[in-house]
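Take a look at the letters that make up each chain.
There are 6 protein chains.
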Amino acid sequence: MKIAVINPNTTASMTATIADAARRVANSGTEILAVTSSMGPVSIEGYYDEALALPGLLLEIARAERSGAEAAVIACFDDTGLDAARALATIPVLGICEAALATVSFIAQRITIVTTMERSRLPIEHLVHRYGMVGRVKVRAADIPVLSLEDPHSDARDRLRGEIAAALRDDRAEAIVLGCAGMADLSHALSTEFGVPVIDGVAAAVKQAEGLVTLGLSTAKRGAYATPVNKPYMGELQGFAPAQI
Amino acid sequence: MKIAVINPNTTASMTATIADAARRVANSGTEILAVTSSMGPVSIEGYYDEALALPGLLLEIARAERSGAEAAVIACFDDTGLDAARALATIPVLGICEAALATVSFIAQRITIVTTMERSRLPIEHLVHRYGMVGRVKVRAADIPVLSLEDPHSDARDRLRGEIAAALRDDRAEAIVLGCAGMADLSHALSTEFGVPVIDGVAAAVKQAEGLVTLGLSTAKRGAYATPVNKPYMGELQGFAPAQI
Amino acid sequence: MKIAVINPNTTASMTATIADAARRVANSGTEILAVTSSMGPVSIEGYYDEALALPGLLLEIARAERSGAEAAVIACFDDTGLDAARALATIPVLGICEAALATVSFIAQRITIVTTMERSRLPIEHLVHRYGMVGRVKVRAADIPVLSLEDPHSDARDRLRGEIAAALRDDRAEAIVLGCAGMADLSHALSTEFGVPVIDGVAAAVKQAEGLVTLGLSTAKRGAYATPVNKPYMGELQGFAPAQI
Amino acid sequence: MKIAVINPNTTASMTATIADAARRVANSGTEILAVTSSMGPVSIEGYYDEALALPGLLLEIARAERSGAEAAVIACFDDTGLDAARALATIPVLGICEAALATVSFIAQRITIVTTMERSRLPIEHLVHRYGMVGRVKVRAADIPVLSLEDPHSDARDRLRGEIAAALRDDRAEAIVLGCAGMADLSHALSTEFGVPVIDGVAAAVKQAEGLVTLGLSTAKRGAYATPVNKPYMGELQGFAPAQI
Amino acid sequence: MKIAVINPNTTASMTATIADAARRVANSGTEILAVTSSMGPVSIEGYYDEALALPGLLLEIARAERSGAEAAVIACFDDTGLDAARALATIPVLGICEAALATVSFIAQRITIVTTMERSRLPIEHLVHRYGMVGRVKVRAADIPVLSLEDPHSDARDRLRGEIAAALRDDRAEAIVLGCAGMADLSHALSTEFGVPVIDGVAAAVKQAEGLVTLGLSTAKRGAYATPVNKPYMGELQGFAPAQI
Amino acid sequence: MKIAVINPNTTASMTATIADAARRVANSGTEILAVTSSMGPVSIEGYYDEALALPGLLLEIARAERSGAEAAVIACFDDTGLDAARALATIPVLGICEAALATVSFIAQRITIVTTMERSRLPIEHLVHRYGMVGRVKVRAADIPVLSLEDPHSDARDRLRGEIAAALRDDRAEAIVLGCAGMADLSHALSTEFGVPVIDGVAAAVKQAEGLVTLGLSTAKRGAYATPVNKPYMGELQGFAPAQI
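Protein chains in written order, with this note's numbering: chain X, 74 to 318; chain H, 74 to 318; chain F, 74 to 318; chain A, 74 to 318; chain S, 74 to 318; chain V, 74 to 318.
Hints are computed from structural coordinates only; laboratory data are not their basis.
One copy or any two copies: either way a pair holds, since identical chains are not told apart in the list.
SDA-like, lysine to any residue: derived pairs with alpha carbons at most 25 Å apart:
#1 K294 <-> S221
#2 K294 <-> G235
#3 K304 <-> D224
#4 K75 <-> A316
#5 K294 <-> F267
#6 K294 <-> V269
#7 K294 <-> D243
#8 K211 <-> E198
#9 K211 <-> R242
Given only the sequences and the hints, what does the whole structure look like? Please build it.
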């Protein structure tokens with residue numbers, strides 16, 4: 074089985090972290106195809122970055138399907154471009170926020186997501202709403218830039234731990250979800266430190282993807298995820314017309 | 074990996090159907106421990122049967138954990154006893170309704186569940202509400218007794234197909250969820266016949282269970298799923314005291 | 074008029090407290106039939122105890138109806154087994170949580186329920202949701218074992234009063250609901266002490282039951298509360314088959 | 074015990090129907106004080122009539138309390154002026170829509186309200202929302218003027234029965250609520266004819282009122298129902314200043 | 074274009090503040106017809122005042138339409154009598170709470186309303202619910218009488234500023250809505266002081282009214298806003314019959 | 074006042090229709106700057122087209138602000154890129170779906186949106202949810218390609234009228250919202266034909282934009298709409314880095 078894990082930002086070192094987390098939990102027969110987007114922002118922090126990450130992401134979705142991937146994971150906690158990717162692809166596509174929430178829903182009633190920047194909090198709260206988990210899930214922001222997670226000299230991880238401690242003390246949280254793909258390497262250490270389940274969405278999405286492939290399930294192509302109507306695309310995005318991408 | 078799949082009714086032939094569905098999708102290294110409850114109703118049709126299925130179910134949950142199962146699946150679409158089982162066990166426990174809904178949520182926006190009897194429709198609608206999928210999921214009842222699914226002379230399967238056809242025509246359904254463990258053998262044929270994804274909860278729950286075990290996740294024991302306080306149990310249920318079961 | 078008030082745990086001293094509260098408010102022509110379950114846990118603290126209280130409770134529901142009771146009250150604030158009891162009985166059946174909330178809804182907009190243990194908080198929050206009172210009702214736990222309410226040397230009542238004080242100070246609560254049948258004797262003293270309405274569910278349920286009987290109303294037997302289909306019950310629960318209980 | 078039942082429209086013949094329904098279910102020791110508003114519309118059909126019924130209604134609430142009533146019922150299914158009456162009075166005040174819904178919630182899951190005119194449907198849907206019963210309750214309008222219910226030559230009752238039949242056939246309704254005080258005399262006959270519970274709000278409210286009085290409960294005076302601040306009232310409504318009414 | 078701005082309380086000095094706020098933002102071709110109610114309370118603080126403000130308000134709505142106004146604004150933050158006014162008038166009618174919320178919804182996700190008295194908080198929370206903004210909008214009360222806003226010696230404005238500061242610090246508020254028509258003159262100064270958008274409902278409603286008139290839109294007269302059925306009105310309210318007002 | 078109206082698809086003839094609708098309702102002092110996106114799909118039909126319309130749209134938002142526009146309208150009923158545009162710009166940005174819904178909310182309770190293709194229905198239903206109008210608004214699709222609205226030989230307009238007729242007959246709709254910018258020229262004729270308010274989002278958004286500018290209000294820059302953090306953008310989207318666009 075081949076599963077594409079696509080980092081929709083253009084920072085290859087973050088892709089490496091993500092790929093490690095994916096491979097650590099993949100079945101022995103699963104090949105993880107880790108991909109970095111070739112165009113757009115170096116990190117996704119809020120709505121504007123998210124919008125400009127879409128063309129690069131959709132290009133990689135199309136390439137992944139052509140190269141034989143049986144499922145694709147979008148490795149950004151905003152579930153960037155998930156609907157467009159599902160419309161485009163015939164293979165199943167998963168977001169790491171939705172995968173993390175679906176997974177944690179089996180083991181806890183009250184959950185806190187800890188994300189990076191304040192500006193990502195509201196988009197994630199909208200996802201919590203969309204995924205039907207309002208009232209069960211609270212979102213906290215540790216107020217750290219995404220790429221600071223990779224900087225050994227930053228205090229990013231300490232701030233993250235401070236928010237987890239606050240969630241356990243003040244939110245009645247029973248489990249923690251890490252709200253950024255760049256935290257994918259931290260789940261085990263934090264779970265051990267705090268004594269509660271700590272879920273990383275990349276790992277969760279890989280398991281969900283393997284499950285869908287084994288079950289022979291893919292995106293329903295009736296309704297909003299119907300294959301895009303082919304039509305001309307203009308200007309610099311000419312090559313993105315459905316029949317050409 | 075050993076996963077217990079527990080049929081909370083006492084009909085062994087239905088357990089056989091369930092076990093087949095579970096084994097068909099399990100990873101090669103996964104052993105499926107299929108168990109039939111030893112006490113309670115022969116089929117679960119509505120709230121009363123569900124209540125009396127609980128002691129037998131909880132006994133099997135305790136036994137499964139003692140015998141080394143790393144996860145347990147409750148194979149009744151009412152998710153009978155799910156909360157009590159999660160409080161009792163330290164291994165993760167999954168319901169097939171919640172597993173089916175979590176799984177289908179990755180591939181479709183509008184879903185119809187087709188269950189057996191009208192009296193099961195409302196309890197399933199409550200589960201849809203609890204799992205945060207109101208507005209996405211509609212429930213239909215084919216008006217067939219559970220055990221008629223096993224009777225080659227009944228028209229149960231035709232009625233089921235009639236409801237699926239109605240769901241695709243009238244509900245904007247993009248995918249179908251089979252609303253009874255006794256339908257576990259039908260998902261592939263129905264998916265082929267109707268050309269849409271058809272999800273069986275037993276298969277979905279096995280994949281979710283494997284995922285949780287691989288991820289090293291189990292029920293959070295803070296809050297409502299805290300281990301039961303030991304205390305005397307009286308009368309015929311004396312043996313069910315937390316420390317004794 | 075004869076109304077059965079059933080304590081679904083097996084502690085007779087708690088039944089005595091409940092019976093007193095029921096008789097204090099019953100009409101002069103109403104006979105209160107106070108019953109203690111003969112099997113299951115000595116107190117109901119969380120999902121597991123609740124599940125094992127069901128057979129004993131349903132047995133008493135059936136007996137109460139046979140002995141001429143015109144309505145039944147389930148005297149546990151989790152509304153344990155309410156749906157199953159309604160399906161089984163032809164007389165109306167009331168839970169004390171739903172009766173307390175229906176009653177308080179006529180006199181206050183913002184309400185706080187104070188219950189015993191943290192693990193009961195989430196199940197009660199689910200009831201609040203089901204009864205349509207999310208946004209109006211907050212649940213607090215005083216962190217006291219149920220049976221400590223009967224112990225003159227425990228600090229249970231002081232902790233309860235601490236939570237009431239906090240509710241009035243911090244929750245904008247206009248009225249208090251006591252979240253455990255074992256608190257049934259405290260409503261008047263607490264109402265006097267704090268100067269706000271304090272509702273006990275046992276008393277509320279008795280008045281609701283009398284009202285239903287006078288109005289000639291009982292459970293609608295279409296849909297989810299249809300009379301259980303008779304069928305074999307196996308093992309130690311053989312005697313619980315619908316036609317035999 | 075003395076309970077005021079106030080008809081907020083000015084049609085005395087409708088008050089007679091309402092009084093009969095109230096007395097039929099009242100306890101033997103309960104005196105029903107039936108009152109007709111002295112100012113405003115002859116029937117309440119929509120928002121405008123409702124607004125102009127308020128001064129007359131509030132006057133009768135104040136008089137009822139002064140004359141020793143221990144509770145008051147507002148006998149219009151729009152629950153006209155309920156909030157203002159609760160702020161004004163120190164005795165409990167009940168609306169017949171809220172009383173009917175609280176009562177039926179103990180005996181049915183799916184309910185249909187059948188009201189008179191289309192223009193009353195939306196205000197009643199707003200009440201259903203406010204009382205937390207969206208998803209359980211559907212509202213139908215029989216398209217009949219309120220006062221036609223009193224006209225033996227009109228087809229109002231046949232239209233009403235037509236909507237009940239439709240509710241049972243098409244809405245999965247398990248019980249019917251009559252959505253107009255002018256239907257208070259019909260509940261028993263309709264229940265017999267259709268074989269399902271049929272609830273009249275006037276009768277339901279009388280039993281709820283008796284219950285509250287016996288329980289010693291009245292409107293919480295913290296928050297939105299705090300006693301009105303006294304202040305000058307101008308023009309023709311001078312006499313309605315809180316200290317004067 | 075002529076727009077009526079109706080102060081439903083009887084305090085002319087407050088009308089002057091409101092008229093100033095309206096004229097400051099009106100288009101050059103818009104005439105603002107500022108009107109003070111001639112009957113009812115001198116200020117609207119809670120449900121009781123609101124109910125008695127209705128006859129005076131509806132009289133002014135009818136007069137405004139007769140005098141050629143093309144739209145009417147009800148200048149009380151409780152949106153007093155909005156539904157009745159819409160049924161009565163054929164010109165569009167706007168409430169200042171709904172106008173403020175519609176306007177702020179284009180520029181902020183998290184909003185805090187700061188109103189005057191605690192007893193107005195719950196009615197405004199109900200409006201927030203009705204206007205679909207639960208989860209986005211929080212309501213705070215500065216605990217100040219409405220008319221104290223006009224008193225240069227009161228500390229009302231300081232208390233208001235204290236609540237705004239608290240909203241920005243504790244509620245994640247991105248914008249502030251002033252929750253009383255009597256605050257209409259303060260929006261610019263407070264916006265400058267706190268550096269966030271501060272919305273006054275009177276100004277917002279005038280712009281919405283101008284927009285509706287230009288678009289040629291008025292209240293839909295199907296459903297709940299259908300023109301009131303003419304019928305006799307009794308007693309002191311005789312003159313309010315639909316055909317006479 | 075200068076307001077930019079941006080057509081996020083690349084079809085200039087549709088921009089002409091949109092510009093006409095905008096100018097017809099603009100104040101005499103308002104200049105409408107009508108812009109066609111220079112890159113991306115020729116029409117937006119579903120999630121994929123929407124994603125690829127974003128870079129072209131955001132470019133025009135940045136240009137509009139630089140060229141002195143005081144507000145911007147995104148003239149696609151999916152409210153394509155609204156959040157990203159709000160984060161990028163300091164002038165207010167409006168979507169035509171949100172503007173249409175805010176406007177119609179003042180004049181009707183039950184509304185039906187009629188859009189073009191089935192695949193756009195679900196995204197619009199999500200907007201209805203986000204804008205807090207679930208329960209008030211129904212969405213219908215006339216099953217017509219967007220560009221067929223411009224083709225005099227297609228039956229697109231007849232299909233649209235068929236859906237409006239169905240909405241009035243079956244949905245209790247009191248007003249109609251046109252669910253595509255390409256229908257902007259039809260609102261007056263359809264309103265006349267059907268005798269109910271018919272709202273076009275382009276016109277509604279222009280009036281809302283004028284209102285915000287006059288009120289001196291723009292997007293709150295705390296929280297999710299904070300100005301994007303500058304950072305490198307890679308590959309073909311290099312020029313879209315916040316500091317460069």
